[in-house]
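Enquirer: These are the residues of each chain, in order.
Protein chains: 2
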Amino acid sequence: MATITMYGFWRSLAAYRVRIALNLKGIDYEEIPVDILNGAQHSADYDKINAEHVLPTVIDGDVTLFQSMPILEYLDERFPEPSIMPATPAERAYARALALITVADAHPLVVPRVRKHIGATFGADAEATETWGRHFMTEGLATYEKLFSRRPPAPFALGTQPTIADICFASHAAGSRFYKASFDAFPLCTALADTLNAHPAFAAAHPLRQPGAPAAV
Amino acid sequence: MATITMYGFWRSLAAYRVRIALNLKGIDYEEIPVDILNGAQHSADYDKINAEHVLPTVIDGDVTLFQSMPILEYLDERFPEPSIMPATPAERAYARALALITVADAHPLVVPRVRKHIGATFGADAEATETWGRHFMTEGLATYEKLFSRRPPAPFALGTQPTIADICFASHAAGSRFYKASFDAFPLCTALADTLNAHPAFAAAHPLRQPGAPAAV
Chain A
7 MATITMYGFW RSLAAYRVRI ALNLKGIDYE EIPVDILNGA QHSADYDKIN
57 AEHVLPTVID GDVTLFQSMP ILEYLDERFP EPSIMPATPA ERAYARALAL
107 ITVADAHPLV VPRVRKHIGA TFGADAEATE TWGRHFMTEG LATYEKLFSR
157 RPPAPFALGT QPTIADICFA SHAAGSRFYK ASFDAFPLCT ALADTLNAHP
207 AFAAAHPLRQ PGAPAAV
Chain B
7 MATITMYGFW RSLAAYRVRI ALNLKGIDYE EIPVDILNGA QHSADYDKIN
57 AEHVLPTVID GDVTLFQSMP ILEYLDERFP EPSIMPATPA ERAYARALAL
107 ITVADAHPLV VPRVRKHIGA TFGADAEATE TWGRHFMTEG LATYEKLFSR
157 RPPAPFALGT QPTIADICFA SHAAGSRFYK ASFDAFPLCT ALADTLNAHP
207 AFAAAHPLRQ PGAPAAV
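Residue numbers (our numbering), protein chains in the order written: chain A, 7 to 223; chain B, 7 to 223.
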């Protein structure tokens with residue numbers, strides 16, 4: 007019996023974040039694909055489920071959840087063990103702030119509606135769109151690198167256990183690869199990405215390991 | 007004695023969100039202005055305080071906080087009364103999701119670094135930049151209107167008490183005015199914005215009531 011249903015897709019970095027949390031907590035779930043590369047998120051059926059026409063949506067019984075950060079927080083409140091949140095207010099704030107570098111600063115710039123808008127407004131073609139995405143993903147990596155140099159991961163961002171900070175960073179690292187951003191100047195980001203990719207819960211959730219994904223991007 | 011120090015600025019929508027929470031909770035604070043319209047956030051001194059060169063940063067004793075959402079969550083954990091979070095996991099998730107329509111979907115598209123980037127990359131002038139901002143603020147209003155039509159504010163977004171959903175929506179409404187977005191098609195957004203603007207904690211925090219702000223934008 008699936009406890010949780012998630013509307014997701016291999017290419018969705020936000021769905022990837024939620025899959026990691028589900029895996030870390032060992033929650034049984036079913037994922038229903040919504041092909042965001044072909045606009046399936048704009049169907050009338052999906053509008054009833056998600057007013058924003060974005061991924062993911064998570065259904066837990068009679069509760070419908072949207073936006074990846076609130077879903078991660080909800081999963082941690084509803085299924086507390088193992089926790090993906092640090093134990094103190096100050097540490098929780100730092101974990102959430104690291105998470106939001108992805109969720110609020112980098113990822114929003116590269117979602118389909120924005121890629122489409124720079125094409126429609128400024129005539130950005132496929133190459134210009136990729137360059138746009140690479141710029142903002144690289145900017146995110148640079149911010150993470152600076153913060154990691156001030157407080158190095160050991161081995162996870164906040165210490166010995168993975169938190170929402172690692173979950174969101176993992177999606178940023180994968181997205182950076184999608185946009186062919188170079189990691190050369192970011193050794194601490196590279197090391198943390200390697201740590202996370204070697205973790206079973208993260209590895210199994212990776213976009214390129216989901217149904218319908220290409221072998222590489 | 008100021009308990010909290012915030013690096014903010016009248017024009018920062020993220021600082022506005024934090025001011026509302028501080029006012030709602032009656033927390034004494036000092037605000038140090040960082041003129042983001044003139045690039046003061048990129049100074050070497052501010053880099054030491056905020057690696058991302060963005061507003062706000064909040065200092066609480068030996069704790070330094072960045073990113074508005076984690077700051078709001080921290081303030082609610084540290085100063086629990088009156089709470090700006092609903093009481094159940096499902097309601098908290100909905101409040102956070104409404105908040106993130108602003109924090110993760112709309113606001114990131116109109117911050118200074120993005121306005122600058124569309125100028126440098128696509129030659130967007132002042133008018134094109136304002137049109138760009140208006141587009142994304144209007145998109146946010148449309149999403150809120152749809153969600154409010156499915157669950158009407160009564161009178162606040164989640165019921166009788168203001169939450170992080172209202173705090174973030176207030177900043178989206180103010181930002182929408184900055185970009186001259188029309189509210190004509192969004193009566194539920196208009197009503198909620200009016201409710202919030204009439205609330206003393208929200209009114210005192212409004213960008214146009216801060217030191218250095220113009221009389222109108």
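Source of the hints: derived by calculation from the structure; they are not laboratory data.
Treat each hint with caution, since some may be false.
[Claimed, not checked] Per the computed footprint, the stretches of chain A lying under chain B, defined by three or more beta-carbons under 8 Å from a beta-carbon of chain B, are:
no.	region
1	65-73
2	108-120
3	168-176
4	184-197
For glycine and all other residues, C-beta sits at the position ideal for the given N, C-alpha and C.
Enquirer: A separate judgement is required for each hint: does it hold in the structure or not?
Expert: To see whether the hints hold, each was checked on the structure:
no. : hint    : result
1   : 65-73   : holds (count 4)
2   : 108-120 : holds (count 8)
3   : 168-176 : violated (count 0)
4   : 184-197 : violated (count 0)
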